[in-house]
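The whole structure should be built from the sequences, with the hints applied where relevant.
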Amino acid sequence: MAKVLVFIDTPGPALKKSSLELLTIARSLGEPAVAFNGELHDDVAAALGEYGAQALYRPSANDLDDYLVGPKASYLAAAVQSSGATIVLAENSAEGKEIAARLGIKLGAGVITDVVAVDPDGTAHKSVLAGSYMTTARATTPVAVLTVKANSITPEPATTGTAPQAATIEVPETANAASARITARNEKTASGRPELSEARIVVAGGRGVDGDFGPLEDLADALGAAIGASRAATDAGWIGHDAQIGQTGKTVSPQLYISAGISGAIQQKAGMQTAKVIVAVNKDAESPVFEIADFGIVGDLFRVLPQATEEIKKRKADR
Amino acid sequence: MEGCCYTVEETLKIIVLVKHVPDAQFDRHLSGGDKTTDRSESILSELDEYALEAALQLIEARGGEAAGNKVIALSMGPAGAVNAVKKSLQIGATEGVHLSDDALAGSDAAATSLALAAAIRHLGADAPVDLVLTGMASTEGETSLVPAQLAERLGLPQVTFASSLELDGGKLTARRDGDSHADTVEATLPALVSVTDQINDPRYPNFKGIMAAKKKSITTLTLADIGVDPGLVGLAGSWTAVETAEARPPRTAGTIITDEGDAGIKLVEFLAAQKLL
Ligand SMILES: Cc1cc2nc3c(=O)[nH]c(=O)nc-3n(C[C@H](O)[C@H](O)[C@H](O)COP(=O)(O)OP(=O)(O)OC[C@H]3O[C@@H](n4cnc5c(N)ncnc54)[C@H](O)[C@@H]3O)c2cc1C
Ligand SMILES: Nc1ncnc2c1ncn2[C@@H]1O[C@H](COP(=O)(O)O)[C@@H](O)[C@H]1O
Chain A
1 MAKVLVFIDT PGPALKKSSL ELLTIARSLG EPAVAFNGEL HDDVAAALGE
51 YGAQALYRPS ANDLDDYLVG PKASYLAAAV QSSGATIVLA ENSAEGKEIA
101 ARLGIKLGAG VITDVVAVDP DGTAHKSVLA GSYMTTARAT TPVAVLTVKA
151 NSITPEPATT GTAPQAATIE VPETANAASA RITARNEKTA SGRPELSEAR
201 IVVAGGRGVD GDFGPLEDLA DALGAAIGAS RAATDAGWIG HDAQIGQTGK
251 TVSPQLYISA GISGAIQQKA GMQTAKVIVA VNKDAESPVF EIADFGIVGD
301 LFRVLPQATE EIKKRKADR
Chain B
320 MEGCCYTVEE TLKIIVLVKH VPDAQFDRHL SGGDKTTDRS ESILSELDEY
370 ALEAALQLIE ARGGEAAGNK VIALSMGPAG AVNAVKKSLQ IGATEGVHLS
420 DDALAGSDAA ATSLALAAAI RHLGADAPVD LVLTGMASTE GETSLVPAQL
470 AERLGLPQVT FASSLELDGG KLTARRDGDS HADTVEATLP ALVSVTDQIN
520 DPRYPNFKGI MAAKKKSITT LTLADIGVDP GLVGLAGSWT AVETAEARPP
570 RTAGTIITDE GDAGIKLVEF LAAQKLL
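Quick mapping for you: the protein sequence lines, in order, are chains A and B.
Using my numbering, you'd call the opening residue of the first sequence number 1 and step up by one each time.
Using my numbering, you'd call the opening residue of the second sequence number 320 and step up by one each time.
It is worth saying that the hints were derived from the structure and are not from the lab.
Check each hint, because a few of them may be wrong.
[To be verified] Straight-line C-alpha distance at most 25 Å; calculated SDA-like pairs for lysine to any residue:
1. B:594 to A:161
2. B:594 to A:318
3. A:16 to B:596
4. A:314 to B:588
5. B:527 to B:425
6. B:594 to A:43
7. B:594 to A:106
8. A:106 to B:588
9. A:314 to B:581
10. B:585 to A:285
11. A:313 to A:277
12. B:585 to A:200
13. A:106 to B:508
14. A:17 to A:161
15. A:316 to B:497
16. A:276 to B:498
17. B:594 to A:153
18. A:283 to B:588
19. A:276 to B:508
20. A:314 to B:593
21. A:3 to A:152
22. A:3 to A:188
23. A:188 to B:497
24. A:188 to A:224
25. B:535 to B:401
26. A:17 to A:120
27. A:106 to B:561
28. A:17 to A:45
29. A:16 to B:501
30. A:283 to B:372
31. A:16 to B:595
32. A:250 to B:577
33. B:533 to B:419
This is the structure we're talking about:
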């Protein structure tokens, strides 16, 4: 059976949903093993077993996080060699893709990014050109490295749990040479809302919010949604750059995307048009966003959103 | 220590990687054969203009070309890719290099990075390259694999997704924004840096620049020139293969209503009907 190595990087006290998705996909492809980095909390260790990890690799070095990408790729390459894995799964974040990129060169392995599904024979499905094409691709090399988008499948624990076999991977001494050092790290304050790239619902605002994300935040909280933004809104400094959705921001594929005060430029659409359902609120009936909206409201977001929020709260209270 | 160790900065030799891409914005305007002017305005991947601007700012802060600094624009691609190089020269690059070879067609990121790495080594043969600058992603591929793979192949420190960049006596400092944190990253030259669209406001070519570009040289390189076996690149040398491609039916507009005072409630009714509440 194929060995499938899942890379899980510093999850903190609990595994992210996207990691559970990777483990679920790994089981469908073969025998899952985990290459872990960071502190291993008890809950995380337990979850790895519930999701069927057969082996748990950890690096001999604990300073991989002090360097940009390179040393993590060295660690993973060593883990692939020890485990005999032929498929590596990593998350589709900017860093996940870069680690995959370098791992690919180290192993002579084909790298496929933005994967949304993997067939049991290793064929990867992905959407390209901003969601306008669906393609299938394969690595033609003995090892394949795939980065899988969050929200691609529903995570499911294994029918029988495992007690993964722990092993330490020697990180080569040379791994840090010729690597950029991370000399300071500023944690961003957590909003308490779901993480944007994993959220089931996203409420996004653009120039039309005119500096006031309040009505969007209220609606997001009523829906349990994450907040996103167009570049016009992030450039104006109304919200952090990490909320930007689009070509040079994040790509999201939520169940529901509510776009408010966003015109729907091609660079914005690139990051959201694979959402299952799109709702748009815009004053201007000619806005291109209405070309892709399942439900469009020509109206003032400052009237429509608060009314919707009130209605949702009312319905919840009546239940 | 104070005052004891001031190092005179040497001249900079920077390679900026510029890609030739079809501009999605202009697609719908490309009907007749006489639209070439429109296209020549839009042939340099937008995101590579930020890398070029960053390079120009670095050399200008050190006396520019007159002081012996240089910015080489390098593009790999078919004949048309030379336009990305030309536009870079108009914007201000010192010289241009076009890597072009039929065998390169169909290269994936691994094959592209192999060829670009060889070209960069070739260009560093006379005098070493201090810095390789790239865009954050190519606007049509959107993979962002090439910069990381180049750093790996060239054994250079990788400083990617830089939203700010400072260079002080051979030490680079950059800011990189992650999802949950913003990092300060340091590396020493030579290094590979990719920049985001947050880093600067790229300049446009002006008349003087367009005239000056006519006198600048463009070198064309083939795989033989850079010593790359054609079997290692192109479709044959790629490590991934696309097996099927299916156009997704474009999204179509759904119900559009105009707010008559109750659109918020209608919105919630729609969400309830879609089981999204
Ligand atoms: C290299 C490059 C990369 C880019 N990357 C991105 C990216 O990643 N993401 C991105 O989003 N953009 C990106 N852009 C920018 C993009 O081209 C657009 O400029 C941007 O998306 C516009 O943002 P906007 O829709 O909020 O603003 P606008 O286009 O100004 O639209 C504002 C909209 O708000 C509506 N409005 C105003 N007031 C109200 C109100 N009270 N109620 C309802 N509606 C109202 C208006 O009718 C209008 O349609 C990029 C551009 C470049 C050149
Ligand atoms: N064919 C190419 N020629 C020159 N530069 C390239 C080429 N392909 C990629 N690059 C550089 O690598 C960056 C990222 O590209 P990509 O990895 O394809 O998303 C681009 O912004 C360019 O700077």
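Worksheet item: Is the Cα-Cα distance between residue 16 of chain A and residue 501 of chain B 25 Å or less?
Response: Distance ~20 Å between residue 16 of chain A and residue 501 of chain B Cα, so the pair holds.
Worksheet item: Given the proposed pairing of residue 585 of chain B with residue 200 of chain A, does the C-alpha separation stay at or below 25 Å?
Response: Roughly 21 Å between the alpha carbons, so the hint for residue 585 of chain B and residue 200 of chain A holds.
Discussion item. Check the hint pairing residue 106 of chain A with residue 588 of chain B against an upper bound of 25 Å on the C-alpha distance.
Written reply: Roughly 53 Å between the alpha carbons, so the hint for residue 106 of chain A and residue 588 of chain B is violated.
Practice prompt. Would you mind confirming whether the straight-line C-alpha gap from residue 17 of chain A to residue 161 of chain A stays at or under 25 Å?
Written response: 18 Å, holds
Discussion item. For residue 250 of chain A and residue 577 of chain B, compute the direct alpha-carbon distance and say whether it is at most 25 Å.
Written reply: 30 Å, violated
Fill in: Restraint status (C-alpha distance of residue 106 of chain A to residue 508 of chain B at most 25 Å)
23 Å, holds
Fill in: Proposed proximity, residue 588 of chain B with residue 283 of chain A (alpha carbon, max 25 Å)
20 Å, holds
Worksheet item: Does the alpha-carbon distance linking residue 188 of chain A and residue 224 of chain A stay inside the 25 Å limit?
Response: 20 Å, holds
Practice prompt. Take a quick look at whether residue 533 of chain B and residue 419 of chain B sit within 25 Å of each other, Cα to Cα.
Written response: 21 Å, holds
Worksheet item: Does residue 425 of chain B lie within 25 Å of residue 527 of chain B when you go C-alpha to C-alpha?
Response: Cα-Cα ~37 Å, so violated.
Worksheet item: For the pair supplied as a hint, residue 276 of chain A and residue 508 of chain B, is the alpha-carbon distance within the 25 Å limit?
Response: 46 Å, violated
Fill in: Hint consistency between residue 3 of chain A and residue 188 of chain A [alpha-carbon to alpha-carbon, up to 25 Å]
At roughly 36 Å apart (the allowed maximum being 25 Å), residue 188 of chain A and residue 3 of chain A break the hint.
Going down the numbered hints, you'll see the structure goes against 1, 5, 6, 7, 8, 15, 19, 22, 30 and 32, while the others check out.
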